[in-house]
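Novice: Whenever a hint applies, use it, and build me the whole structure from the sequences.
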Amino acid sequence: MRVSKYLFSSIGPMAWRKIPGFDIILRLVRGAKGKTRKVMDTQGIDSFKQITITLPSSPNLTRYNVYAPWVQELEIFAGHGLEIHNDGPFLTRLGGRPPLPNLTRLTARTGADIDSREMTSLLSMFICPSLIEIRTIIHKRDIYSYLEPFTVRTFLEKIQETCPEIQVLEFYPGRTYECPEGYKPGDRCRSLLRSFSNLRHFGSSSYILEPTTFAIIGNLPHLQLLGIRGFDMENPVLDEEVSIPETWFPVLESLRLYDVHPQDIKALWKHPPVVKKLVSVSIRTDPTTASDIFDDPMDGNEWIEAFLTALPHMTPGLKNLRFHVADEEGTRFQISQNARDGLSDLGLESLKLKVGNPYGVDKESEDEAYFN
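The opening position of the sequence shown corresponds to residue 1 in our numbering, with each subsequent residue numbered one higher.
Wrong hints could be hidden among the right ones.
To be verified - BS3-like mimics (lysine-lysine), calculated; alpha carbons at most 30 angstroms apart, straight line:
1. 277 x 184
2. 354 x 276
3. 38 x 18
What the hints contain is simulated information worked out from the structure, not anything from laboratory work. Only a predicted model underlies this, so the values are computations on that prediction, with no experimental measurement involved.
Specialist: In structure tokens form, the structure reads like this:
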């Protein structure tokens, strides 16, 4: 059945506005061949779907050029692995144009053992002037979409050159053999972060809490949501003696801390400019983690009691709280009636407390990442 041009032009932009997987778009290239198979990860524990797209040497982009301008939101991997073979002629035929010229939101979420260089390459391919949101998020199996530390500078420079008015930015530099203690930004990367003055939402790893970087993030004038994700076996990052001016974090209203050291969480709640105006807080941590990884575990119940009883006073306008504490032993922690009464007095609109589940992925929270 033939579809009228009017109906096609009316429905097409709505149907193709949000696409789960770049492979769907590449199949519009005449002569493109796709193959799907299930493979095991490098540890032989989990399997994932691997999609391979092979593009022709002389690609015909007639259909592609009709649909591509309609796409505004793209999730590159849609939780799968993706390989693109022979993309050179395709990119040449585009003549320097972005593959999706009207893209506003770009997300990378994969459960595959994708090499970080490939991740960075694909992200860079889609960065275009219309983008307002770029996110690499965690997969539900606790597999992270990491960037290699040495690629971060190039990644941020590409954003600054192409879409400097970016509003949502989420990326996680991973640990490598060359960088076993985790990523630490140099002067150039700090300067790039400072230039993104239009950021509303920012999420990255615990280097954010280092004094120089924390000062930069604190002075972003429009930042409403801050997300920080730590690593296992990580020492505290935030200097407990740091002085935070009242002018920092002027509009921050949501703070999300996943796997951040409990000592850093405690230190953050000593600073009203960071926490006093918050309306939404999400925390997942192991409260037994000692300040030094070689020390004996701390009393988790003591940390929980101290934090939750202080929370109503330090964050009086809180409306939404998600609080998940657990350790590797599956300890059943306690929340006292006194702490519960204090939370009740806040008049919370949403409260989720989880204690003592095996430490790992929070199935309820991870797929939503930070910014949905």
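Novice: Could you run down the list of hints and mark each one as holding or not?
Specialist: Hints and how they fare:
1. With a C-alpha separation of about 28 angstroms, the suggested pair residue 277 and residue 184 falls inside the 30 angstroms cut-off, and the hint holds.
2. Taken as a hint, the residue 354 and residue 276 pair is honoured in the structure, with Cα atoms around 24 angstroms apart against an allowance of 30 angstroms.
3. Between residue 38 and residue 18 the CA atoms are separated by roughly 25 angstroms; this keeps the pair inside 30 angstroms, and the hint holds.
Hint compliance for this structure: every hint is met.
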